[in-house]
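Peer 1: Chains as they are written, first to last, in the working numbering: chain A, 1 to 184; chain B, 185 to 362.
In case anyone wonders, no lab produced these hints; they're calculated from the structure. Just so we're clear, the structure is a prediction, and the values are computed from it rather than from any experiment. One or more of the hints may lead you astray.
Here are the simulated SDA-like pairs of lysine to any residue, each with C-alpha atoms no more than 20 Å apart in a straight line [to be verified]:
{"#": "1", "chain 1": "A", "residue 1": "118", "chain 2": "B", "residue 2": "190"}
{"#": "2", "chain 1": "B", "residue 1": "200", "chain 2": "A", "residue 2": "151"}
{"#": "3", "chain 1": "A", "residue 1": "118", "chain 2": "B", "residue 2": "329"}
{"#": "4", "chain 1": "B", "residue 1": "200", "chain 2": "A", "residue 2": "137"}
{"#": "5", "chain 1": "B", "residue 1": "200", "chain 2": "A", "residue 2": "175"}
{"#": "6", "chain 1": "B", "residue 1": "329", "chain 2": "A", "residue 2": "151"}
{"#": "7", "chain 1": "A", "residue 1": "87", "chain 2": "A", "residue 2": "151"}
{"#": "8", "chain 1": "A", "residue 1": "169", "chain 2": "A", "residue 2": "140"}
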Amino acid sequence: MPAEELELIQRSLNGDLEAWGEIVARYKEAVFAVALSILRNRADAEDATQDAFIRAYENLQRYDLSRKFSTWLFTVAANVAKNALRKRRREKDPLPEELGPDPAEEVHADLRLSAVRKAVHELPEEYRSPVFLYYWHGLSVAEIARILGLPEGTVKTRLHRARAMIRAKLVEEGVIPNAVGGAG
Amino acid sequence: MRWEELDELIRAALAKEVDEAGPGLVGLEERVVRELARRPVRRSLWQKLGAFFSQPVPRWALVGAACALLLGFALGRLTAPRPIPQFTPNLFVIAAPGARQVAVVGDFTAWQPLPLSDPDGDGIWTAFIPLPPGRYEYAFLVDGKWVGQDPLAQEYLRTFGEYVSVRYVGGSGADRSS
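Kindly generate the complete structure, drawing on both the sequences and the hints.
Peer 2: The structure is reproduced here in structure tokens:
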């Protein structure tokens, strides 16, 4: 861990909220991506991101300084987002409208990216989280396994399955050709 | 499209999505700090319970899924209209003495674990899986540990930081492996 970050965490442990604000500024996008992968809704993910940083601060004394901070923080974020998802289901709220490209984007941007994004959002939750953590955060399978509390083998099978589902969806919609995957 | 190209496409799509969240995250640090300054720090029982209930998928669910897959496969074979594709039994075998649970995962199982068996307890785990001609990517799970390099495979790929074996079955698939 960089010395500067360690110092921020130690200051936060001593109750320095400004130091924690600096941590939030550094990790807010990454934590948002974790929440978004689970909740599939931008507004809910923003709320969960804020809650995750509050929860992480309140539990900071449980963080083992010898371990990677981001892994611990993402674990907290994943748990907060999963709780929010459970609450949403318990209250039988209709699933908020899935994110989709806006009309301007449809015209100007690469339609393939929009199709990929839609395919990722249509994945079941247990597949979306590993996909975001692997492709967006660039985390290793071992780190993803720690964050999600899963065996590494399960993470690998979910990544493979998710990628196959994304590919099948893109082929079905004619976004990419139907051809053998080849070297991976 | 090659897997690497699809990987890049997925990365680009997700990066774009998170980038678009920019406005919603502006000022988040101030909001967090304000909220923390406002509330007394306390730790609730719910936090402990939350961690407890965030358990991984139970093993019985995976076994159930594998059984359902086999049952579905068998029913599919019985009810499929003619002509049925030429499925040939394929031996999947791995030496894993002392292992408690061995499975094969691959594109032909939708990457769900399909158990191998070792009825005589000699550490050689096997399964015969009927497959139509084609190219198949797979790996073994030995007590949950990924074993991607099958000595009987015709190729290996490296994907998600691990090896995956490739096997060609019958027809043109066999030709491609030579």
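Peer 1: Keeping to a limit of 20 Å between CA atoms, is the pair of residue 169(A) and residue 140(A) held or broken?
Peer 2: Judged against 20 Å, a Cα distance of about 25 Å means the pair is violated.
Peer 1: Please work out if residue 329(B) and residue 151(A) have their alpha carbons no farther apart than 20 Å.
Peer 2: holds (8 Å)
Peer 1: Taking only the CA atoms, is the gap from residue 200(B) to residue 175(A) under or equal to 20 Å?
Peer 2: Distance ~18 Å between residue 200(B) and residue 175(A) Cα, so the pair holds.
Peer 1: Keeping to a limit of 20 Å between CA atoms, is the pair of residue 118(A) and residue 190(B) held or broken?
Peer 2: holds (14 Å)
Peer 1: Residue 200(B) and residue 151(A): Cα distance at most 20 Å?
Peer 2: Violated, because 30 Å separates the two Cα atoms, which is more than 20 Å.
Peer 1: Residue 87(A) and residue 151(A): Cα distance at most 20 Å?
Peer 2: violated (26 Å)
Peer 1: With a cut-off of 20 Å on the C-alpha distance, tell me whether residue 200(B) and residue 137(A) pass.
Peer 2: Satisfied, since the Cα-Cα distance of roughly 13 Å is no more than 20 Å.
Peer 1: With the threshold set at 20 Å, check whether the alpha-carbon distance from residue 118(A) to residue 329(B) stays at or below it.
Peer 2: violated (32 Å)
Consistency note: the structure conflicts with the earlier hints numbered 2, 3, 7 and 8.
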